[in-house]
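The lines below spell out each chain.
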Amino acid sequence: MHFPITPLIDFLNSVICFFCAFKLYRSYQHEGKEKVIKYFYKAYKAMVVAYLFFSMPRLIIPHDSFILGTGFIMAHVFLFLAAAYFLMITVYILRPNWHRIFFWIFLVLALGAIILSVINLNYPVYDTSTGITNWNIDHLVGLVITILFALVLVPCAVFYYYQGLKSHDDTVKVRSLLIATGLILLMVSAYTYYSADTQVKALVSDLFSFTALLTIFFGVYYKRNTNLKNLIQKI
Amino acid sequence: MVVRYIMVVVIAAITMLGYQVGFDYHIPGILIAVTIAFIFNLVSSFLYTNFNYPRWWPYAGIFLDMIIITFIVHFTGGVESVFLILYLLQIVGTNVHFSRLAGPLNLIFGATLFIAMIALEQKGILPHYSSNIVPYGLYQNLKFIFLASLTLVVFMGISAYRSGYVVHSLQTVEEKFFKLNEELIRTNKAMSENNRRLRELDQMKTEFISVASHQMRTPLSAIKWIIKMIMDGDLGPLSQEQKDLLAKGYQSNERMIALINDLLNVSRIEEGRFQYRMMRMSIEDVIDKVLEEMRSDIRSKHIKLRYGRPSTPLSKVSIDPQKIHLVLQNLIDNSLKYTPSGGRVEIGLNQKNDELIFSIKDNGVGIPSSQRDKIFSKFFRADNVVRMQTEGSGLGLFIVKNIIEAHQGRVWFESKEGLGCTFCFSLPFEKHLAKVPTVQKFEQFIQKI
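Chains A and B are the protein sequences, given in the same order.
Reading the first sequence from the start, the letters are residues 1 to 235 in the working numbering.
Reading the second sequence from the start, the letters are residues 1001 to 1449 in the working numbering.
Keep in mind the hints are simulated off the structure, nothing from the lab.
Source: prediction; values computed, not measured.
For glycine and all other residues, C-beta sits at the position ideal for the given N, C-alpha and C.
Incorrect hints may appear among the rest.
Unchecked claim - Pairwise CB distance ranges, derived in the manner of DEER restraints:
| no. | chain 1 | residue 1 | chain 2 | residue 2 | range |
| --- | --- | --- | --- | --- | --- |
| 1 | B | 1410 | A | 107 | 44 to 50 Å |
| 2 | B | 1019 | A | 158 | 33 to 39 Å |
| 3 | A | 30 | B | 1006 | 26 to 32 Å |
| 4 | A | 125 | B | 1169 | 56 to 62 Å |
| 5 | A | 139 | B | 1126 | 44 to 50 Å |
| 6 | B | 1169 | A | 151 | 50 to 56 Å |
| 7 | B | 1013 | A | 191 | 32 to 38 Å |
| 8 | A | 151 | B | 1292 | 55 to 61 Å |
| 9 | B | 1132 | A | 30 | 50 to 56 Å |
| 10 | A | 198 | B | 1013 | 16 to 22 Å |
| 11 | A | 128 | B | 1050 | 36 to 42 Å |
| 12 | B | 1410 | A | 139 | 54 to 60 Å |
Based on the provided sequences and hints, a complete structural model is requested.
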């Protein structure tokens, strides 16, 4: 049996998301329980579960296509939930009164996509000789899911880029640019993931998602703590 | 920390790429090595942010890095590996981030690991993962591995020495910098203390002005109405001479009331008690009202006033009409005061880039170029104006600036001494105002995560 590359990358993704969720939970507790931080934390919590659903079946029962398929569907339920929270954050900052409406509209669309993917489920195949999973995603399902993720990730990334560049605070600038870049990389990862028809493309999309989450991780953990800043604070 | 994450990703990506283009790397071994480095980094992040980590922990990190590098070099072809340069990077990194002793120790450790690895590969004790690109058996050629390891160790030594030297020089400069900064902090503390005392005195002065002005305004108002009654003949008929004298007294009293009102406004601004009641309305209504009130002054000075109304109605702005009334009154009054009889005053109003721009241009005395910086300061009056012996407290433009800035607008002027000046202010439209909180909300959110 070959080294399980793609399940391990997905497992690492869930570890990264866990650390992000942990940091955000602490920020939520310490920063006066702000609603918007709670949504960010919940988005990462959902992503931890999503990536566990992606990776665990392939690490534990790699030969059972039914379990892999179920894991794939369940993972998408949580990925859509995470995307809905991301959308909610952006709308909350722009128009606080509309954030719940957008959240539920997106979840309704996501429910449609989930139903579509259950109907058109092609069971995935895990190639134990290479350690790479071929998800056999139906073309229509892939297209719908990519569009749904694009609807959230692209505007969110543009919003983070725009607001980050407008900000005069260097830490805010770096953090938001990193998060925006991570979101764009996630979009690229989603596109390659749902259009992957070879094992190499599946591996590349996993590497993209890993890089994307790592970039967001840097954004969440980034703290400019130079000696000069300490000095200014001292003054 | 971040560099280690980047290194992990870059190494994983390059080895994958190498594997795809035909290098026969041992991918599982490489992934295990980078995963160990990654997990160590995650644990370190967790420890550094949440606990008092042991002092040896970062040192364990740099020695673990050397082990990981040796693993990667081993799995990518040993002495033939393209990743040998990682040893040099590690030495430089250690010198930059750790003590001067850590660099040489890491050098000895890394060189020992490398030499041990290629020796064990040469003896066949460790498997050799040939890249299938370089000639077969190069790793068994003693002359090659001797020269390769010698070159690597020598360059590791040079890197350790040079980077150590640079870091030491930087530390010396930094120490000097910090000494100077400590001096600066001490001076700053002394200045802050003086500043605090000055602020206290200023506060006391403001309170005094506020109380005194309040106390004075009541009797002045009483005097005003008494004079008015006498002038109107309520207490019997007056001679022309008596009327003239009373008129002068009445005007002087009015000036005193105006000055006290200005002082009260300034003290309210400084104490943060200047209350704004914002409402969406057209500024043209306020301009019309002010011009109507000042009509007699304009006529008496024979000033040719031209008000360039916008051809299309302007959007409404969020303003406190009373405060904007005060602004317009001050600006128009200044133009009238400092423009000679028979002069011209032009008022303009237009919309530009989400902003409403008001301008008032006169051909009066203008402002000396050397005194432009002080024109919005409290109690400041330009030399040429003082020489004219005109009335004025020097508070009007200070009040104007504060009111406009409270409306999130700007105030500015252009002037040539002797030729007149143009004062302008801008007020943002609602759409423009709405953008500001979004940036602030976003910044707060990002800062808090």
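Going through the hints against the structure:
1. A hinted range of 44 to 50 Å for the beta carbons of residue 1410/B and residue 107/A is consistent with their spacing of about 45 Å.
2. Checked against the hint of 33 to 39 Å, the pair residue 1019/B and residue 158/A passes, with Cβ atoms roughly 35 Å apart.
3. With their beta carbons about 29 Å apart, residue 30/A and residue 1006/B fall inside the hinted range of 26 to 32 Å.
4. For residue 125/A and residue 1169/B, the hinted distance range of 56 to 62 Å is satisfied, since their beta carbons lie about 60 Å from each other.
5. A C-beta distance of roughly 48 Å is found between residue 139/A and residue 1126/B, which places it inside the suggested range of 44 to 50 Å.
6. The hint said 50 to 56 Å for the Cβ distance between residue 1169/B and residue 151/A, and at roughly 54 Å that hint holds.
7. Distance hint check for residue 1013/B and residue 191/A: the Cβ-Cβ separation is about 19 Å, which falls outside the suggested range of 32 to 38 Å.
8. Hint check: residue 151/A to residue 1292/B, Cβ distance near 56 Å, so the stated range 55 to 61 Å holds.
9. Taking the beta carbon of each, residue 1132/B and residue 30/A are about 54 Å apart, inside 50 to 56 Å as hinted.
10. Distance hint for residue 198/A and residue 1013/B: a CB-CB separation of about 18 Å, consistent with the stated range 16 to 22 Å.
11. For residue 128/A and residue 1050/B, the hinted distance range of 36 to 42 Å is satisfied, since their beta carbons lie about 39 Å from each other.
12. The hint said 54 to 60 Å for the Cβ distance between residue 1410/B and residue 139/A, and at roughly 57 Å that hint holds.
Of the numbered hints given earlier, the model fails hint 7 alone.
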